[in-house]
Amino acid sequence: MIARFERHPLLVNPFADLVSFEREVGRLLDDVLGGEGSPWTGSAGPRFDVAEQENETVVLGELPGVKKEDLKITVKDGVLTVSGERKAPALPENASWVRTESAHGVFSRSFVLPHAVDEGHIDASLADGVLKVVLPKAAEARPRTIAIR
Amino acid sequence: MTQNINHAGAALMRRPDPMTLTVAPPADIYETPEAFVLAVDMPGAAREAMEVTIDGDALVIRAGVAPRHGAEASVLAREIHHTGYERTFTLGEGIDRASVDARFEHGVLTLKLLKSEKAKPRTIAIR
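Chains as they are written, first to last, in the working numbering: chain A, 1 to 149; chain B, 1 to 127.
Here chain B is said to cover these stretches of chain A; the calculated rule only asks that three of the stretch's residues, wherever they fall, bring their Cβ under 8 Å from a Cβ of chain B:
id	region
1	47-57
2	62-74
3	98-108
Just a sample of chain A residues kept apart from chain B, beta carbon distances all over 10 Å, derived:
id	residue
4	D77
5	S83
6	E85
7	V117
8	G120
9	H121
10	I122
11	D123
12	A124
13	S125
14	P136
15	A138
16	A139
17	E140
18	R142
19	T145
Beta-carbon label-pair distances, calculated as ranges:
id	chain 1	residue 1	chain 2	residue 2	range
20	B	P33	A	S110	42 to 52 Å
21	B	L21	A	S110	24 to 34 Å
22	B	E72	A	T74	21 to 31 Å
23	A	A127	B	L21	18 to 28 Å
24	B	I124	A	W97	20 to 30 Å
25	B	A46	A	D70	16 to 26 Å
26	B	P121	A	K132	39 to 49 Å
27	B	T20	A	G120	33 to 43 Å
28	B	T90	A	S110	35 to 45 Å
29	A	T145	B	A46	35 to 45 Å
30	B	M50	A	T81	26 to 36 Å
31	B	I54	A	A116	51 to 61 Å
32	B	T110	A	K132	14 to 24 Å
Just so you know, the hints here were simulated from the structure itself, not pulled from any lab data. We put the CB at the ideal spot given by N, CA and C, even for glycine.
Input sequences plus hints: build the corresponding full structure.
Dropping the structure here:
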């Protein structure tokens, strides 16, 4: 079990610490700044899934209204970080808001990758408000079949 | 031990039908002199299964979401649970039900609902 924990830290404790830390910092900022700003400031930010397959790990994020040029994806020391901004919705001249429920503002989410990644072949795409980052496993992290002599 | 706790947690979290979970998507609405514009966040909504219907005063938006992960994948962390979107808005009398313009871009469905002629602001000329 301990070995498994070390292999897959995400499996046992997905983002509990990170998320609660972000929330606390967000709340602190809201308190200090008077609760102004974007809805994402005080929350954990946009939602993500992390799924591992045989040869790759896929990270999916819901980022409605976020444009490609406002997104930044980095991998460093086994941590994937997705950060960016959803611009506040624009209001045309002579228009007035009836209601605003969407979350916007800047966000940053980080994920500890469960295996070594072939960094040269990471693929990211953004379609219909969903970001998909495909992280192929490095050769040494791929499953191998051991022949029995 | 950890495994048992995880199993217990999973059992508690389970919904009656874990295969479908429809959520009401958040919407921004603004009003111009000619129209109401609704922008509804529906990331991942499948275009072919998207439905916008007007029935009397009810404007209903429905969409499904394609499966996010392959059958072989082991999901290490899941924050996205829903499998579809559904939300109903009530239309006022001043909206022209015949002319609704819909666009789906960056995961946001934008609907433009024109006001009926009599609901548009008029400038009254002073004699």
